[in-house]
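Which chain is which? The protein sequence lines are C and E, in order. If you're matching positions, the first sequence starts at 1 in this note's numbering and goes up one per residue. If you're matching positions, the second sequence starts at 1001 in this note's numbering and goes up one per residue.
These are calculated hints, taken from the structure and not from any lab test. Treat the hints loosely; a few may be bogus.
[Said to hold, decoys possible] Some chain C residues judged to face chain E by a derived CB distance under 8 Å, without partners named: (1) Gly193; (2) Thr203; (3) Arg211; (4) Leu218; (5) Tyr222; (6) Ala229.
[As the list claims (entries may be wrong)] Listed next, the stretches of chain C that the computed footprint assigns to chain E, with coverage defined by at least 3 CB atoms under 8 Å from CB atoms of chain E: (7) 48 to 61; (8) 204 to 210.
Where is the CB? At the ideal position from N, CA and C, for every residue including glycine.
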Amino acid sequence: MNRAVTDGGGTMAPAAPIGAAPPEPRPVTFPAWIRSVFGRREGLVPLIVFAGFAAADLFVRGIDGRLSGNYAHIREIPALIAEAGRGPAPSLLLLGNSLTNNGLLPPAQVAGAPLRAAKVTPDATALWDWRCIVEHQVLSDPARRLDVVAVGFAWNQLSDQTRGDASRLGAFFCGWGDVVRPSAIGLTHEQVGEFVAARASRTYAIRDALRNALLGRLIPGYQAHTQEANARAGDGAAAAAPQQARSRTYGALAALADRLEARGARLVVIAMPVTAAYEIDPGLLALAQRGEVTLLDYRHVYGIGPGDFLDSMHLAPSGREVLSARLAADLERILAARR
Amino acid sequence: MIFNSFVFWAFFAVVITLYWLLPHRAQNRMLIVAGYIFYGAWDWRFLGLLWMSTVVDYWVGRLLVKTDDPGRKKRILTISIVFNLGVLGFFKYFDFGIAQAAALLELFGFEAHFSTLSILLPVGISFYTFQSMSYTIDVYRGKCAAVDRLEDFATFVSYFPPLVAGPIERAAHLMPQLMAPRHYRPGDFGDGLALVLLGMFKKVVVADNLAPIVNRIFSTPTAELTASDVLVGVYAFAFQIYGDFSGYSSIAQGVSKWMGIDLMWNFKMPYFARNPSDFWQRWHISLSSYLRDYLYIPLGGNRHGAFKTQRNLMLTMLIGGLWHGANWTFVFWGLWHGLLLVGYRLAGKDTPQPDKPWGVRDAVAALVLFHFVCLGWLFFRAESMAQVFGMMRQLVAAPSVTGYAGYALAMVVFFAAPVMLYEWHVERRRDLMHVVRGPVFEQALVYAYLVFMIVWFPPLASQPFIYFQF
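So that you can see chain C by itself, here it is in the shape it has in the complex:
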């Protein structure tokens, strides 16, 4: 092998002759360092780039509602909940993700009275997102009054072991104060940085949407192959994780139910139907049996068959009609019991 040039200076020219003494560095005080760096190009260029990034971020913050229906929906959440929680009529907050969005419509009226309802179903959300929404949009405002908070879920989306999405929580549903206790919003300490970055930068928070939009246009078959890769990753994770149903806990959900109850609202959890069967965890069943939450088990509803699904998870309008009627009946019963 020939001799490799391994100089530290970065040039590819031969190294300086041995014995040539480098100039002796002089000590630099901190103010002098600031002047030295930011009065020079080495500090100026990063400042220009940072200013450009901040401007782009402000721009994205202004238009993110136009990027997708989901972001537009997230923007309207405070107004939706404020509207539902403002009057004397029976009121409902229907929370969930796309399963609930496709599967349920709140009834217009219950027991002859109009129902003030907010349907809040941002995509891909689960327990920690819903907890933050309730915390910041319902419990934080003493004037807001809801009779029922109903949460549509499937699988183990309500368990404490569900992983929080730091970017989504930071950008949309939680506040700066939540970062003090990351475990209370389903995050590990390693995820705090992502939470803070997403809270500070909308460009970072919605990176997946921007990435998918750009690559979807540039790369042939991007969406199909990415979905397949995600499914593989999901299968891999499921195969790697042993059956944990017995060890799943529901402490956060129970605490949320307690706090809602103290405000006069009943927490109802709705097990949504999907094409493949799933079990409800014993921990959640125990919570329902103790009366801490009301469990509506809609996994198998008469009148909903395989033809009433759009795909393996989401109900078609025909299925939604059946399920919504069932919810209306159950709500009537729940509200009557509370009067």
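Given chain C, put chain E in place with the hints provided.
Showing chain E alone in chain C's frame:
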């Protein structure tokens, strides 16, 4: 604690603040603590190993300077070499050796009932044992003075930026920098920032986005792959491993710059190499120069005729391959590169690359060499030699283009082509830090691109650095 995690940057923010507030001696003590926290974050159980390596080599260094007897010096140095290679051998090759011995016995009809120990490999063990061992060898050779204080040597061994994936620093280069007081040097902030941004881009954007493609192709049964899948899988791995490893080295260099310390360059546009010898002066330079100085030259180098030169080259590359891990695929990877070097030498083309502008012949040579290197990457990435041969067979037997291959190729081009374009520019300018010395507009444009890509295009799932396993 990996460079592309928020945890590392929070850790580094604390370290760099304390670092510039403390006087020199306290700075070094703080670096030892930081190094042990950094290493212990993976597995605190192996901190003892790092400490043992430090203590043994420190004492070997002290004993070496206390004697002038060449025989005694050699025996003392042997302690260091046996200890370091023994530790490396046990953790890295013990299970492999047992399995191969059992296979050999079974080949001769014996029943072998050996059980392996399922030994957990300490992260970065090959890097810090080699770095620590270089100190004792250099002290033995009189190229480096032995340090008086254990804490000085501990600062050298546990210096955290290159600790788990290099560059493998030499005592003669790093130790004087750690022993002398550091002062802020104008330009260090800018150089460090450029290196960190480029490193983060290579790791987060290039390597981690190509990883799922590589993983998918190399986890598919070979019979189900087409030639296009194999080709794209190998191309993707070529850029993944380059982005991953050179990204780590670049970030290590950058954060060191911010602490006023220069680490050696570990990569210099390797895919623009025009011959095998040129490639090894550009790829993993700290290992190739280490093997050259501590193995190839002691074996005789090119001083004892053509045959022994070829033998020494082959041995050096074989051991270089085995350094990466206990698997026949690494042995064959080393063998393949040894053959390339020997073939190049036999062709009478072992003269240094003339410093002249690129021509068409150079471009063709670089392209051909890139494909030879890619064949080596097939050995390197495959789980077994059966997989290597299976994938090679599909290259000939299944010459069709799949939709997945088209998608994967487009992803490779989207993520890796900008790096290659940038490196082509640097190659022509002959200045590795051209980005901070070129026009301001160009620098701002490059930085903006890097920042937006790092923010917008992180991988769907974060990947560990490939070289941590070595």
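Here is what the structure says about each hint:
no.: 1; hint: Gly193; result: holds (2 Å)
no.: 2; hint: Thr203; result: holds (6 Å)
no.: 3; hint: Arg211; result: holds (6 Å)
no.: 4; hint: Leu218; result: holds (6 Å)
no.: 5; hint: Tyr222; result: holds (7 Å)
no.: 6; hint: Ala229; result: holds (5 Å)
no.: 7; hint: 48 to 61; result: holds (count 5)
no.: 8; hint: 204 to 210; result: holds (count 3)
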